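**Student:** Each chain is listed here by its residues.
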Amino acid sequence: MKTVDTRGLTCPAPLIKTRQGLNEASAGEDVEILIDNPTSFSNVKRYLSDNRLPYTVREEGSLAIVTVRRGEKTELSVNETEYCTTGSEEPAPKVRKTVVAVSSERMGSGDDVLGTKLMVSFFRTLVMLEPPPAAVVFYNAGVKLAMDDSPALDHIRELSEKGTAIYLCTTCINHFGIRDRLPTGSFSDMYQIVNILRDADHIICP
Amino acid sequence: MSFDLLTTVETGGCSAKIPPRQLEELLKDLHLPADPRILVDISTHDDAGVYKINDETALVLTTDFFPPLVSDGYDFGLIAATNSISDIYAMGATPLVALNIMMFPSSRIPMEVYREILRGGNDKAQEAGVSIIGGHTIDDYPPKYGLAVIGTVHPDRVITNAGVREGDELVLTKPVGTGIILAGHRLKMTTPGQLAAAVLTMKQLNNRGAELMARHSIRGATDITGFGLAGHALKMARASGVTIELYMKNVPLLDGTYSLAEQGCIPGAAFRNLDYTEGETLLADGLDYTLKMIAHDAQTSGGLLMAVAPERSDKMLRDLHSSGHPEAAVIGKAVRRREASLILA
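Going down the list, the sequences are from chains G and V.
All letters in the first sequence, in the order written, are residues 1 to 206 by my numbering.
All letters in the second sequence, in the order written, are residues 1 to 345 by my numbering.
Keep in mind the hints are simulated off the structure, nothing from the lab.
Heads up, some of the hints might be wrong.
Simulated restraints on C-beta separations [stated by the list, open to error]:
{"id": "1", "chain 1": "G", "residue 1": "PRO151", "chain 2": "V", "residue 2": "ARG312", "range": "37 to 43 Å"}
{"id": "2", "chain 1": "G", "residue 1": "GLU29", "chain 2": "V", "residue 2": "ARG115", "range": "53 to 59 Å"}
{"id": "3", "chain 1": "G", "residue 1": "ARG52", "chain 2": "V", "residue 2": "PHE3", "range": "53 to 59 Å"}
{"id": "4", "chain 1": "G", "residue 1": "GLY28", "chain 2": "V", "residue 2": "ASN250", "range": "33 to 39 Å"}
{"id": "5", "chain 1": "V", "residue 1": "PRO33", "chain 2": "G", "residue 2": "THR10", "range": "57 to 63 Å"}
{"id": "6", "chain 1": "G", "residue 1": "ARG58", "chain 2": "V", "residue 2": "GLY286", "range": "49 to 55 Å"}
{"id": "7", "chain 1": "G", "residue 1": "SER121", "chain 2": "V", "residue 2": "ALA309", "range": "54 to 60 Å"}
{"id": "8", "chain 1": "V", "residue 1": "ARG336", "chain 2": "G", "residue 2": "ILE65", "range": "45 to 51 Å"}
{"id": "9", "chain 1": "G", "residue 1": "ARG58", "chain 2": "V", "residue 2": "GLY129", "range": "58 to 64 Å"}
{"id": "10", "chain 1": "V", "residue 1": "HIS136", "chain 2": "G", "residue 2": "ILE65", "range": "45 to 51 Å"}
{"id": "11", "chain 1": "G", "residue 1": "ASN51", "chain 2": "V", "residue 2": "ASP255", "range": "23 to 29 Å"}
{"id": "12", "chain 1": "V", "residue 1": "ALA309", "chain 2": "G", "residue 2": "THR10", "range": "44 to 50 Å"}
{"id": "13", "chain 1": "G", "residue 1": "PRO151", "chain 2": "V", "residue 2": "SER43", "range": "35 to 41 Å"}
Remember, it's a predicted structure, so these values are computed and weren't measured experimentally.
Every residue, glycine too, gets a C-beta built ideally from N, C-alpha and C.
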């Protein structure tokens, strides 16, 4: 365990010392950061979360002790999960129950024309589902369903209006070069997609 | 004179602003006067208010003041005045007259420092063709200084946050990183050259950029200050009903900015700005964390961010490069409105 003492320091010195401590710690070694400045405490937590470094927090009066867990099999700590959901406008997964994962433009295989027709029909029907799915995640060729000329676009928009979060895989968008042709949906990275799928109660894969 | 103004403050310059989200919350219930002569008010979060006098002339009014961000009084005065006048330029207007706004602890700091700050403000105003015709001082600690400036513009040629059109390219005139460099300086992590370059850019008027905006018929622009590049771009995107994409790798940076930010030298204001933008911002896959935080670094007396039609951007860049802005660059573009107002790539 390595200890970084930032007591008495003000922004951004505690963050710099945290960064240094993480750099200097040997692989797998936990790093404990002592912070007594509330702004720095909040910024250090934010920094760790953004850089996907799991940590736990212990508060003793005005002193906060943040421990960065660098062991191999660490789960996201309770504190970090809380942090993710309370960051009021974080475009984080607002997953309640059902998530739809769409990996193709077509439903099923066999006949492409039929497959397209079925997928459009799937979305038309999905709009009627009550409550609406928490999120639809589009990846691989599935992202093309959200393009401006897609026959399913209107239904996807209706879903979005009903409160369903629409996530589009950025890597896939870049791969197909269709960034300018997506009128709806949020760009999403694999970290976010994995979290959405993990937090789902049901996953529908048409 | 050897009094170090930096001993009076923890955060100076535009880093001392109230968090943007909190400010919006405070202002949202404020009654906005409905007068047709008011061409621009706070509803679009513009740099200055614009009031139409007649068909030929509109008044542009702005004020800005902040605590010290450098040690030397004269430099502080120069930077504060440059920053205050910048809002007039960002609106496409010509600054005319100004008033000094000063808070100064007469019993705690030598009055010589007061004179030096005013001298800096006066010299910069003179360079901009602005006459300082009055002012107001309050005894207060730590000191704060700035100007209230009045300029004029033709009512049809006002440049605002709302004037960005789909397809426009976004040109930034000055390098970014003043917040990070100044924080690094206080922790003795910068070289004298890095600090000097940051001070120099903060002392540079945006007058040349404003002249070029007029020549190229620009309608949408802002100056980059306390809300950082991302915060100001977001305000533009919202006001204009477009989505703005910023290519962070194209953004000119002050020397030292990247390595300081990478070492964790990220001022608190950048986190406040991040809080403000993130609900409406998408981060492209693989966007470097350090560049993301640099996009949110609060700038003092930053450059102009202007929306230029793509067929004119080459000429605009050439003109900027030959008028004292060698680092001006295209750093983004406006695209059709998506759910998110801002995309950082």
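**Student:** Decide, hint by hint, whether the structure agrees.
**Tutor:** Evaluated hints:
1. PRO151/G x ARG312/V: 37 to 43 Å: At 38 Å between Cβs, range holds.
2. GLU29/G x ARG115/V: 53 to 59 Å: holds (55 Å)
3. ARG52/G x PHE3/V: 53 to 59 Å: violated (45 Å)
4. GLY28/G x ASN250/V: 33 to 39 Å: holds (38 Å)
5. PRO33/V x THR10/G: 57 to 63 Å: violated (41 Å)
6. ARG58/G x GLY286/V: 49 to 55 Å: violated (34 Å)
7. SER121/G x ALA309/V: 54 to 60 Å: violated (43 Å)
8. ARG336/V x ILE65/G: 45 to 51 Å: holds (48 Å)
9. ARG58/G x GLY129/V: 58 to 64 Å: Given a distance of about 59 Å, which is inside 58 to 64 Å, the answer is holds.
10. HIS136/V x ILE65/G: 45 to 51 Å: holds (47 Å)
11. ASN51/G x ASP255/V: 23 to 29 Å: holds (25 Å)
12. ALA309/V x THR10/G: 44 to 50 Å: Given a distance of about 45 Å, which is inside 44 to 50 Å, the answer is holds.
13. PRO151/G x SER43/V: 35 to 41 Å: Given range 35 to 41 Å: holds, Cβ gap about 39 Å.
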